[in-house]
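J.: Read top to bottom, the protein sequences are chains A and B. Quick note on the UniProt record's numbering: the first sequence kicks off at 1 and runs consecutively. Quick note on the UniProt record's numbering: the second sequence kicks off at 1 and runs consecutively.
These aren't lab readings, by the way, just hints derived from the structure by calculation. Heads up, a few of these hints could be off.
Identical chains blur together in the list; that is why a pair holds if it fits in one copy or across any two.
EDC-like mimics (lysine to aspartate or glutamate), calculated; alpha carbons at most 16 Å apart, straight line [stated by the list, open to error]: (1) Lys-89 x Asp-109; (2) Lys-11 x Asp-144; (3) Lys-70 x Glu-87; (4) Lys-105 x Glu-3; (5) Lys-135 x Asp-34; (6) Lys-60 x Glu-87; (7) Lys-89 x Asp-144; (8) Lys-105 x Glu-83; (9) Lys-131 x Asp-144; (10) Lys-105 x Asp-144; (11) Lys-70 x Asp-34; (12) Lys-135 x Glu-83; (13) Lys-11 x Asp-127; (14) Lys-65 x Glu-19; (15) Lys-135 x Glu-25; (16) Lys-70 x Asp-55; (17) Lys-89 x Glu-19.
Protein chains: 2
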Amino acid sequence: MAEINHQVGIKAPPEKIYELLTTNEGLSKWWTNDISGAGEVGALIQFRFNGGGPDFLVTKLIPNKLVGWKHSGNIPELWVGTEILFELKVVETQTFVRFVHSNWKESSDFMAHCSTKWAVFLLSLKDAVEKGTGKPFPNDIHIDHS
Amino acid sequence: MAEINHQVGIKAPPEKIYELLTTNEGLSKWWTNDISGAGEVGALIQFRFNGGGPDFLVTKLIPNKLVGWKHSGNIPELWVGTEILFELKVVETQTFVRFVHSNWKESSDFMAHCSTKWAVFLLSLKDAVEKGTGKPFPNDIHIDHS
Chain A
1 MAEINHQVGI KAPPEKIYEL LTTNEGLSKW WTNDISGAGE VGALIQFRFN GGGPDFLVTK
61 LIPNKLVGWK HSGNIPELWV GTEILFELKV VETQTFVRFV HSNWKESSDF MAHCSTKWAV
121 FLLSLKDAVE KGTGKPFPND IHIDHS
Chain B
1 MAEINHQVGI KAPPEKIYEL LTTNEGLSKW WTNDISGAGE VGALIQFRFN GGGPDFLVTK
61 LIPNKLVGWK HSGNIPELWV GTEILFELKV VETQTFVRFV HSNWKESSDF MAHCSTKWAV
121 FLLSLKDAVE KGTGKPFPND IHIDHS
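Could you build the full structure based on these sequences and the hints that come with them?
T.: So this is what it looks like as C-alpha cells:
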C-alpha cells in the first residue's frame, strides 16, 4: 500500500486548526468552497469541486488532537478505500499538522499529483489560520495545466 | 521502504526543464542558491543551505527525459541511502515532472516535512521555468516556524 505524507507548522493553538478540520465553514476556508455534512464521528462530509467530488466518512475525532476520515463512494476511483488522518501536535509556539492519506493501492501518477496538491491545500490551511485567508478551490494554486 | 511522490505540469519543452535539473546555474534557480559539482553521470552535486547540506551522486541521465541521483555522505542522516528520480513526460503543451524520493527507511515526521518541502521546491521549479523566477533557498516558502 502506498501513502502520501505531509507536515506543516502553524503558529496558532490547536483549537483554531481543529475547527478548520471539523466544520463546513472551517473546511471551506482552505480545501473547497463547497462543503456540507461535517459533524461528529459517523458524519459524511461532501467535498464538491464544480459539482463533483469525494465524500469522506468521519471515523475518528479527538478534540484538538486528531481527525480521521475514510473515503466513501466511488469518486475519484483511485481514492476508494483510502483514509486520511490529521494529527495535531503542539511544539512550543506552533502546532504541527501531520497529514497522511493512506491505503492507496499503488503509487500512480495520479497519487503523485494528489501528493503535490495536498501540499498546496495544507499551505492553504496554514494561511487560512495565520493570515485569515486561504486558497480553497476555485482559488487554489494550479500545479499543472490540465 | 517509504517514498515521496510528486508531479507538476510545466508549460515548456522538456529541454528547458532538463537544464534546470542538470546544471549548477539551473539548479540554483529553484532549490538552493549555493550549488556546485553538477555534471554528467558520476558527478557529485553539493547542495548547500547556509553552509551545510546534502551531496548527491548523478546516477542516471537520459537527455530531456530522466535524471537520477543517489544520496552521498551523511547529511541529513535520514537521507542516507535514499535516491531521487525526475522523469519528464510531454503531454500536449506541457511537460510533466514526475518526482520520486525513494528508499527512506521509514515514514517519519521528518519525511513528511521533506514531502511538503519538495512540493514547494517543485512549484519553485515550475515558476523558474514559466515565469523566469523561482524561490530557491534562502527565498523559499516556509512551511513551519522551526
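J.: Would you mind marking each hint as holding or not holding in the structure?
T.: Here is how each hint holds up against the structure:
Taking the closest pair of Cα atoms, Lys-89 and Asp-109 come within 16 Å of each other only across two copies (11 Å); inside a single copy the shortest separation is 31 Å, beyond that limit. Only between protomers do Lys-11 and Asp-144 lie at most 16 Å apart by alpha-carbon distance; the minimum there is 8 Å, versus 29 Å within a single protomer. Taking CA atoms no more than 16 Å apart as the test, Lys-70 paired with Glu-87 passes inside one copy only; the shortest distance there is 15 Å, against 32 Å between copies. In the homo-oligomer, the alpha carbons of Lys-105 and Glu-3 lie at most 16 Å apart both inside one protomer (9 Å) and across protomers (14 Å), since each shortest distance falls under that limit.
In this homomeric assembly, Lys-135 and Asp-34 come within 16 Å of each other (Cα to Cα) only inside a single copy, at 13 Å, whereas the closest approach across copies is 31 Å. Within a single copy, Lys-60 and Glu-87 get their C-alpha atoms as close as 11 Å, which meets the 16 Å cut-off; across copies the closest is 38 Å, which misses it. When the C-alpha separation of Lys-89 and Asp-144 is checked against a cutoff of 16 Å, the pair qualifies only between copies, where the shortest distance is 13 Å, while the shortest distance within a copy is 32 Å. For the identical chains of this complex, Lys-105 and Glu-83 are intra-copy neighbours only, at 12 Å inside a copy versus 22 Å across copies, given an alpha-carbon limit of 16 Å.
In this assembly of identical chains, Lys-131 and Asp-144 lie within 16 Å of each other by CA distance solely across copies; the values are 14 Å between and 26 Å within a copy. For the homomeric pair Lys-105 and Asp-144, neither the shortest alpha-carbon distance inside one copy (24 Å) nor that between copies (30 Å) is at most 16 Å. Neither within a single protomer nor between protomers do Lys-70 and Asp-34 lie at most 16 Å apart by alpha-carbon distance, with minima of 19 Å and 43 Å respectively. Proximity of Lys-135 to Glu-83 under the C-alpha cut-off of 16 Å is found in neither arrangement, the shortest distances being 23 Å within a copy and 32 Å between copies.
Taking the shortest Cα distances, Lys-11 and Asp-127 sit within 16 Å of each other inside one copy (10 Å), while across copies they are farther apart (27 Å). For the identical chains of this complex, Lys-65 and Glu-19 are intra-copy neighbours only, at 11 Å inside a copy versus 44 Å across copies, given an alpha-carbon limit of 16 Å. In this homomeric assembly, Lys-135 and Glu-25 come within 16 Å of each other (Cα to Cα) only inside a single copy, at 14 Å, whereas the closest approach across copies is 32 Å. Taking the shortest alpha-carbon separations for Lys-70 and Asp-55, only the intra-copy value of 9 Å comes in at or below 16 Å, while the best inter-copy value is 40 Å.
In this assembly of identical chains, Lys-89 and Glu-19 lie within 16 Å of each other by CA distance solely inside one copy; the values are 15 Å within and 40 Å between copies.
Of the numbered hints given earlier, the model fails hints 10, 11, 12; all others are met.
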